[in-house]
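Enquirer: Listed in order, the protein sequences are those of chains X and S.
Counting from 1 along the first sequence, just add 3 to a position and that's the residue number in the numbering used here.
Counting from 1 along the second sequence, just add 3 to a position and that's the residue number in the numbering used here.
Heads up, a few of these hints could be off.
The list treats identical chains as interchangeable, and a pair is accepted whether it falls inside one copy or across any two copies.
[As the list claims (entries may be wrong)] Pairs of lysine-lysine, DSSO-like flavour, derived with a Cα cap of 30 Å:
(1) K393 <-> K317
(2) K18 <-> K393
(3) K140 <-> K22
(4) K389 <-> K317
(5) K312 <-> K18
(6) K294 <-> K119
(7) K182 <-> K140
(8) K140 <-> K119
(9) K9 <-> K22
(10) K269 <-> K317
(11) K20 <-> K393
Simulated from the structure, these hints should not be mistaken for lab results.
Below, each chain spelled out in residue letters.
Number of protein chains: 2
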Amino acid sequence: MALFQKDEYLERLAKTKRKMTEVGIDVLVVSDPANMNYLCGYDGWSFYVPQCVVVSLDRDVPLWIGRGMDVAGARHTTFLTDSDIIGYPDHYVQSLERHSMNFVGDTIRERGWGTKVVGVEMDAYYFTARSYAELEKSLPDARFANADLLVNWIRLIKSNGEIAFMQEAGQIANRVMAKAIERLEPGVRECDAVAAVYQAQMSGTEEFGGDYPSIVPMMPTGEKTSAPHLTWTDAPYENEQMVNLELAACRHRYHCPIARTAYLGKNPPPKLVELAEHTVEGLNLTLDAIKPGMHAEEVELVWRRHIAKAGLEKESRIGYAMGLNYPPDWGEHTASLRPGDKTVLAPNMTFHMILGMWMDNYGFECSESFRITASGCETFANFPRKLFVKS
Amino acid sequence: MALFQKDEYLERLAKTKRKMTEVGIDVLVVSDPANMNYLCGYDGWSFYVPQCVVVSLDRDVPLWIGRGMDVAGARHTTFLTDSDIIGYPDHYVQSLERHSMNFVGDTIRERGWGTKVVGVEMDAYYFTARSYAELEKSLPDARFANADLLVNWIRLIKSNGEIAFMQEAGQIANRVMAKAIERLEPGVRECDAVAAVYQAQMSGTEEFGGDYPSIVPMMPTGEKTSAPHLTWTDAPYENEQMVNLELAACRHRYHCPIARTAYLGKNPPPKLVELAEHTVEGLNLTLDAIKPGMHAEEVELVWRRHIAKAGLEKESRIGYAMGLNYPPDWGEHTASLRPGDKTVLAPNMTFHMILGMWMDNYGFECSESFRITASGCETFANFPRKLFVKS
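All chains should be modelled from the sequences, with the hints used to inform the complete structure.
Expert: Following this line, the structure appears as structure tokens:
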């Protein structure tokens with residue numbers, strides 16, 4: 004059974020078809036697992052083989068095409084009926100002679116779509132260079148168009164049902180961060196603190212469980228705080244050190260990322276304490292300033308002006324749209340809170356705003372995931388914004 | 004500091020260059036995160052942006068090219084020196100105007116490799132259709148060749164150092180499976196059992212910690228056992244039901260997958276008990292038959308002949324090469340234990356053999372990860388092979 008009512012999927016499909024018509028695409032091959040989920044509900048760890056959802060202007064509902072053994076999963080998680088679900092034989096899988104995208108191309112031709120304009124998500128994670136080459140080979144009479152992010156942009160404004168899952172993710176996120184800070188102590192191995200985080204992510208609350216977030220927990224300390232994407236080791240956390248906590252919770256593939264900074268020891272450097280105060284003040288002030296109708300770049304400007312007063316600046320974007328997703332990223336690759344982004348904020352857009360301030364050998368970060376409301380914004384988690392000192 | 008001695012990376016590079024020479028490739032652009040790690044040590048959760056390792060026949064060591072903010076991570080985890088590590092500016096990231104692969108192409112041209120034969124991994128997970136198109140655009144005078152799996156095949160035989168990490172993963176796998184079976188009980192929510200599994204995966208042993216496996220835990224029950232890639236829910240496990248446990252442990256990105264079946268309740272159906280006996284007997288017998296020098300397909304034949312005696316057959320392959328990897332898969336996409344695969348088994352090749360027998364409404368699976376030795380094979384984990392009945 005799909006997560007949402009059929010009507011909601013049909014509305015998403017109607018929006019997708021309107022956009023396809025606008026840009027002149029007849030048949031859309033959707034490979035991004037989050038977009039596949041969005042359009043029909045499909046949810047499974049099967050994106051390591053080629054699979055897609057095919058939306059055609061002349062067919063009410065899409066086709067799901069994937070590996071034969073995942074047909075049962077498609078029946079279980081989508082609103083589609085058996086005639087919409089097509090599995091390819093297992094001899095296509097990791098074969099040296101044939102490629103699953105030839106099967107997809109053949110299916111598209113058999114449906115009479117072989118001479119149409121076919122949109123493909125050129126930069127979607129699991130749509131490889133060879134997937135495209137094989138699809139082109141099987142559809143010699145089609146015209147191809149780049150439909151990258153077409154569905155992602157439609158995902159920008161969430162339904163109330165989607166928001167409800169993000170609020171549940173927010174409740175889990177409170178527990179995840181509390182558990183991380185509780186577990187962090189000098190002498191505790193990084194892997195054991197990470198284990199506690201995972202435990203909290205999956206156990207969720209008494210009322211509902213958690214799903215795997217699209218990015219693993221990041222809890223660097225010491226010199227590794229300057230290398231943002233390294234994962235943990237089994238070395239113990241040391242005394243008088245800073246730890247960055249970039250964590251998240253997930254509910255039915257909907258995310259609530261949350262970041263905080265902790266200091267292990269009795270003597271946090273005064274400059275770190277001061278930086279934390281500036282940053283948290285800036286976060287509060289920027290969240291307070293958010294209103295529907297603003298441009299995304301204006302949000303960044305509020306923050307930039309605030310930290311300029313303290314003589315600081317931050318180069319990268321301060322936030323991005325996020326929600327439904329799969330590894331390796333929970334960001335939606337659409338709107339960003341950064342100079343030049345003219346996206347007009349509207350109710351139920353959802354962002355992760357992450358303020359990380361990095362000096363030569365120390366730093367502080369604090370983040371919130373939130374939705375735009377009718378009059379401002381509302382965070383999904385509810386966790387103190389401050390430097391956590393564990394002495 | 005890289006995981007292995009520099010000499011080991013140089014040996015891997017020498018093998019890669021020999022293969023490149025053999026197939027006529029001058030410059031190899033390696034995008035598969037496992038291959039990147041293999042050739043220089045790089046290990047970070049940054050594969051959600053374009054990055055690569057470039058091996059050229061005329062340069063001793065490769066270039067690492069990735070996002071500017073990951074340069075520190077490359078310094079930290081590879082054997083390369085600063086002049087081999089190149090970061091692209093952050094305005095390439097998720098930009099609508101420019102693509103990081105243009106930066107990679109420009110770098111290749113600047114090094115004088117613009118008219119060479121450039122190998123690309125056409126079907127690697129994070130090498131998208133657009134990545135290839137942009138690289139082609141930036142290298143108009145290059146000739147492109149498909150170098151898919153070139154490095155993967157070199158990874159087939161592991162070094163003793165790699166085997167040591169897989170043995171450590173095996174020790175963690177014992178604990179992971181024990182914890183899963185301990186935690187499984189009617190009334191326990193699926194998400195809580197999964198939480199315990201994650202906890203065990205990361206905590207590892209007293210001596211060493213665990214890393215995140217490339218695939219999430221799969222613990223389906225009830226009708227979902229027929230949909231192999233669905234993840235967990237927060238529903239409680241029920242009484243008198245079967246649970247499949249497809250789990251793994253990971254150490255420094257080296258995996259030990261392990262699968263077992265449990266039955267919750269007092270009354271496992273006699274046909275399930277019987278199927279379990281046949282399957283375990285087949286697993287034991289097949290492992291015993293393995294010798295270096297055999298063809299991969301001959302291993303499958305031993306198993307097939309055994310179950311034929313019980314009037315059974317299994318369609319899909321029964322195993323595949325695995326070891327070092329990143330999400331979404333721990334398999335290496337090279338040798339398989341299946342008809343037609345003529346790979347000659349040699350010491351320190353490593354496989355996951357997974358025997359899953361699916362009947363109409365019940366089934367049993369049991370797996371082992373192992374290496375080929377000088378005289379046979381040796382499993383990494385050491386966990387009882389049987390149907391676990393929890394009454």
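Enquirer: Indicate, hint by hint, whether the structure satisfies it.
Expert: Now the hints, each set against the structure:
1. K393 <-> K317: within (27 Å within a copy, 56 Å between copies)
2. K18 <-> K393: neither (50 Å within a copy, 50 Å between copies)
3. K140 <-> K22: Both, since 26 Å and 28 Å are each at most 30 Å.
4. K389 <-> K317: Within one copy only: 19 Å inside a chain, 58 Å across chains, cut-off 30 Å.
5. K312 <-> K18: The answer is neither: 44 Å in one copy and 56 Å across copies each exceed 30 Å.
6. K294 <-> K119: Classified as neither: same-chain Cα gap 42 Å, cross-chain 54 Å, threshold 30 Å.
7. K182 <-> K140: neither (52 Å within a copy, 49 Å between copies)
8. K140 <-> K119: Intra 15 Å, inter 26 Å, cutoff 30 Å: intra and inter.
9. K9 <-> K22: Classified as within; 20 Å inside a copy, 53 Å across copies.
10. K269 <-> K317: within (29 Å within a copy, 62 Å between copies)
11. K20 <-> K393: neither (53 Å within a copy, 51 Å between copies)
Checked against the numbered hints above, the structure violates hints 2, 5, 6, 7 and 11; every other hint is satisfied.
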